[in-house]
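Enquirer: Position chain B against the provided structure of chain A, taking the given hints into account.
Listed in order, the protein sequences are those of chains A and B.
Using this note's numbering, read the first sequence as starting at 6 and increasing by one per residue.
Using this note's numbering, read the second sequence as starting at 372 and increasing by one per residue.
Hints may contain errors.
Stated by the list, open to error - Derived pair list, reagent style DMTMM-like, types lysine to aspartate or glutamate, alpha-carbon separation capped at 20 Å:
| id | chain 1 | residue 1 | chain 2 | residue 2 |
| --- | --- | --- | --- | --- |
| 1 | B | K373 | A | E130 |
| 2 | A | K303 | A | E326 |
| 3 | A | K20 | B | E638 |
Unchecked claim - Where chain B lies over chain A, by a calculated footprint (3+ residues, C-beta under 8 Å):
| id | region |
| --- | --- |
| 4 | 37–44 |
| 5 | 299–307 |
Please keep in mind that the hints were generated in silico from the structure rather than gathered at the bench.
In this text, a Cβ means the ideal position worked out from N, Cα and C, and glycines have one as well.
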Amino acid sequence: MSNMIQVKNVSKEFKKVIKEPGLKGSVKSLFHKKTEIVKAVDNISFEVEEGEVLGFIGPNGAGKSTAIKMLTGILTPTSGEIIINGQVPYKNRKKYVKEIGVVFGQRTQLWWDLPLSETFTVLKEIYQIEDKAFKQRMDFLNQVLDLEPFVTSPVRTLSLGQRMRADIAASMIHNPKVLFLDEPTIGLDVVVKDNIRKAIAEINKNEKTTIILTTHDLSDIELLCKRIVMIDKGKKVYDGDLDHMKEKYGKMREIHITLKSDNDINKLSFAEKFGLTGDDIDIALDGKKAVVKFNSSKAQVSELLSYILSTITVKDIAVGEADIEEIIRRLYKGNENDETAHGNAAAVEA
Amino acid sequence: MKWIGHVKRVYGGFTRAGAQGAMAYKFNFLGFFVGESLYCFVMYFIWKAVFEASGESIFMGFTITDMTLYVFLANIVGFLTNTDSTQMLAEEIREGNIIMRMIKPVNVDMSLLATEIGDKVVMSAFIFLPVMIGVEIYRYFALGYVAFNILMFLGFVVSVILSYILAFYLNLIFGYLAFWLMNIWGFSILKGSIIKFFSGSLIPLAFFPDIVGKIFEQLPFASMVYTPVMIYMGKLQGMDLLLAFGKQIIWIIVFIAIAKLIWRWAEKRLAVQGG
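Next up, chain A with everything else stripped away, as it sits in the complex (with noise of 0.2 Å):
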C-alpha cells in the first residue's frame, strides 16, 4: 500500500465552558463551572495516496482545523488513529514534523522584523539543509513562487500575497512528504490566487508531494484536486472525487442580475421554461438585485441566460459559482432524501 496518510476513527472532544449570560452569569461562572463536552471531530475515517491532492472542505466550525491540527502533530486526537509517513504526528513530534510542511493561511511563520532571506537561512539551520540542497531549493522555490523581488525586504513590508507566496517557500524549503495547506488563498485577489495555485499544481507535480488542502474557495478544488473530503459538525459527510459530487447535487450556478424595474422579475417563469422546480431553483430578490440559483446539470446557463436577456431588460448581468456552504446544504438535502442510496456519504444526523 502507498498510503501517504490513514486516518482511522478519529475524534477529538474540548471542554467548554458554558457562561450564563451577562454580568451575573460572569460572576457565577467565576465560583462554579459548568462545563460541556463538545466534538469537533467526530470519527473521522480517510486515507491518502503518496502524491495525491486532498481538497479537505466544509463550512466554517466544521472541525476542519482541528483535524488538520491533529494530522500536524499540535492536538492529539481523544481516540483514534493516525498515521502518516510511517509515523504517529503527535507521539514525536519534533522527528515527525521534520518532513512535514504546513501553511496556516491566517498566521505567518516568517520572522515578521526580518528580510525574508533571514527567515530561509534560519530555516536551513533548523531543518539543517545542506548548502548545495539549499541553493537548489531555493532556485526552484524562487522559479515557483517568483521571490525574488521582495527577498530582502523586511517581512512586515510584505503585501498579503507576497507573504503567502513566501510562506509556502518557507514551508516547501525542506522537501516535506507531505503538505498541509490550510487556507492557502484567504483574502487574496484573483490574479494572486491563480499564481498559488500554479504553484501548488507545480509543487505536486515536480515533487510527488502529498497535499492536503483546506479552502473555502470551490475553485482552489476544482483546479488542484481530484478527490474532496467533506466534512460538517465535525463529521465526515463525503468523501469522493469531485465530478461524482458535482453530478450527484448538481452544480449549481448563479445568476446575479441587476434588473430595470422591480416587477422584472415576476416575467420570468423557469419553472415553465425549463423545469426548474424545488430544490433546482432558488430566486432571491434585494431591490433591484435579484440572484437566481440554478442546477446547472438541468439546464444551461447560456438557455437561461439568452431567455432573461430576450423576456426582460437589464441593467446587469453576471454568472457566479455557488460556494462550498451551498453544495453542503445540498449534499444534506440529498442525503436526507437518499440515505441509503448514496454509498460515499457517511451517515448524517437528520
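Expert: Showing chain B alone in chain A's frame:
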C-alpha cells in the same frame, strides 16, 4: 558531544534572528538607557539620605560606596536577567501562534530562549559595557585605587548567565499559566513584585533581619539578582562562592524540570485558540 553542535546549529539561527530583530528597533536602547539611569539616581539619593540620617559610615556591612555600587549593579543585573518569556509565551498561547513553533522540529522553550539570548547579546553591547565602565570609574574615584578583579568579573558574568537562564524558566512557568487563564496580566504583576522584593533588587538581602535574610538567600529569587551582585562586589569568596553557583544551578535544574513537566502535560491537552 555531537548534540552540542546540533543544538548550536539548530538554535543558533534563532539567536541570530533575535539579535537582528533587536537591531531593527535600536532606538529603544536610548530610551531604555535614559529611563533606567534616572531610576538608579533616584535610588542612589534615597540611600544616601538613609546613610546620612543613620549617622554611621557603615550600615549593615555596607559603606555608602558599596551601596552606590549595589544600586547600579542590581539594576544592570536586573536588566540583563530581565526576560520577556512570560509575555512572549502567554501571547503566543492566547493568540494561538504557538502552533507556528510546534510545526517546526524544535523545542518551544529552547527556541524562545535562543531568540531572546540573541536580543540580550545586542542589548548588552549597547548598555552593559557603558554601565560597567561607569561603575569602575566611580569605584576608582571613591576608593582611590583600582578594585577591578578579573576573576570576580568572570565569576560575575557566569553568575549573570545562570541568573538569566533561571529567570527565563521561572518566567516561562508563569507563561504556561496562560493555558488555563488565557490572560495572565494580574499574575505577571504579582510575579514582578515578588521577584523585585525577594531578589534583592530593591533592598540588599543583608539588610533584612538575620534569619529572614538567610531564608531569602536560599530562595531562587536571590539567585537572580543578589548573588551576581555580591560576587562582583567581592562579598562572596571561596566556599561561599562555590555554594552560590551550586544554588543557582540546582534552581535552574528544578525550574527546567517543572517547565518540561508542565509542557508535556499541556501538549497533550492543548486547545488552540482561533482559526
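Enquirer: The structure should be examined with respect to each hint, and the outcome stated for every one.
Expert: Quick rundown of the hints versus the structure:
1. Of the pairs offered as hints, the one joining B/K373 and A/E130 holds, with about 16 Å between alpha carbons and a cut-off of 20 Å not exceeded.
2. For a cut-off of 20 Å, the pair hint linking A/K303 to A/E326 stands: about 15 Å separates their Cα positions.
3. Our distance criterion of 20 Å between C-alpha atoms is met by A/K20 and B/E638, whose separation comes to about 15 Å.
4. Only residues whose C-beta sits within less than 8 Å of a C-beta in chain B count toward coverage, and the region 37–44 of chain A has 0 of them, not enough to reach three; the restraint is violated.
5. Given a C-beta distance limit of less than 8 Å, the hint that chain B covers the region 299–307 of chain A is violated, as 0 residues qualify and 3 are needed.
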